[in-house]
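Novice: Chains as they are written, first to last, in my numbering: chain A, 8 to 120; chain B, 0 to 111.
These are computed hints drawn from the structure, not numbers from a lab.
Heads up, a few of these hints could be off.
The calculated lysine-lysine pairs, modelled on DSS-like cross-linking and capped at a C-alpha distance of 25 Å, are [unchecked claim]: (1) K1/B - K78/A; (2) K64/A - K98/B; (3) K98/B - K69/B.
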Amino acid sequence: DVKVTQSSRYLVKRTGEKVFLECVQDMDHENMFWYRQDPGLGLRLIYFSYDVKMKEKGDIPEGYSVSREKKERFSLILESASTNQTSMYLCASRRLAGYNEQFFGPGTRLTVL
Amino acid sequence: QKEVEQDPGPLSVPEGAIVSLNCTYSNSAFQYFMWYRQYSRKGPELLMYTYSSGNKEDGRFTAQVDKSSKYISLFIRDSQPSDSATYLCASNVNTGFQKLVFGTGTRLLVSP
Chain A
8 DVKVTQSSRY
18 LVKRTGEKVF
28 LECVQDMDHE
38 NMFWYRQDPG
48 LGLRLIYFSY
58 DVKMKEKGDI
68 PEGYSVSREK
78 KERFSLILES
88 ASTNQTSMYL
98 CASRRLAGYN
108 EQFFGPGTRL
118 TVL
Chain B
0 QKEVEQDPGP
10 LSVPEGAIVS
20 LNCTYSNSAF
30 QYFMWYRQYS
40 RKGPELLMYT
50 YSSGNKEDGR
60 FTAQVDKSSK
70 YISLFIRDSQ
80 PSDSATYLCA
90 SNVNTGFQKL
100 VFGTGTRLLV
110 SP
């Protein structure tokens, strides 16, 4: 089974802190994604990566950056956390473009105070 | 207007009922249509997907796409309490990087 793991289930940070969210997949997938999920807004794509060291902006990249130094790991960085970044963050991976199924991690519930 | 619209619910039904979950979409280029199921405090998991118009059946679940009306449906027969979850529809085009566009999700509650 494909497994996508995220470094924390729950995280509480203060405004202005730098926050790192880590995601690891174990199936040698080419593509990885970061979403945030908010009530009434659904899943919104923040950034995606189609290969190592490659990254593309999604629909809501402002206030975020990403890093993909190794194929299995995709990190989301909040350079200076703000209260409007309080959300559920979901990481996903996909074998490569042309395969429709994305495999999701369990999510990180981030609260910014 | 969102590209994929979905009623957030909650939809409450008794065990054994037939459930109908629906989405509408606006992008005529969408070709793949998916249903994800998300249990509380878990990530979404793919339940079913269909390509273009038509029906697809898998056990108690049937996915239906009507491209002429831009309507996506998921039917659950003989619903069980274990079906209680949020159901997300998603669509994408068959070109480029094929990013998924998700609906907001419908929360389903099946009571024993």
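Novice: What's the verdict on K98/B and K69/B, does the C-alpha distance respect the 25 Å limit or exceed it?
Specialist: Roughly 19 Å between the alpha carbons, so the hint for K98/B and K69/B holds.
Novice: Next pair to validate is K1/B with K78/A; report whether the Cα-Cα distance is within 25 Å.
Specialist: Since the Cα atoms of K1/B and K78/A sit roughly 32 Å apart, the hinted pair is violated (cutoff 25 Å).
Novice: If you draw a straight line from the CA of K64/A to the CA of K98/B, is it 25 Å or shorter?
Specialist: 11 Å, holds
Comparing the model with each earlier hint shows a violation of hint 1 alone; every other hint is respected.
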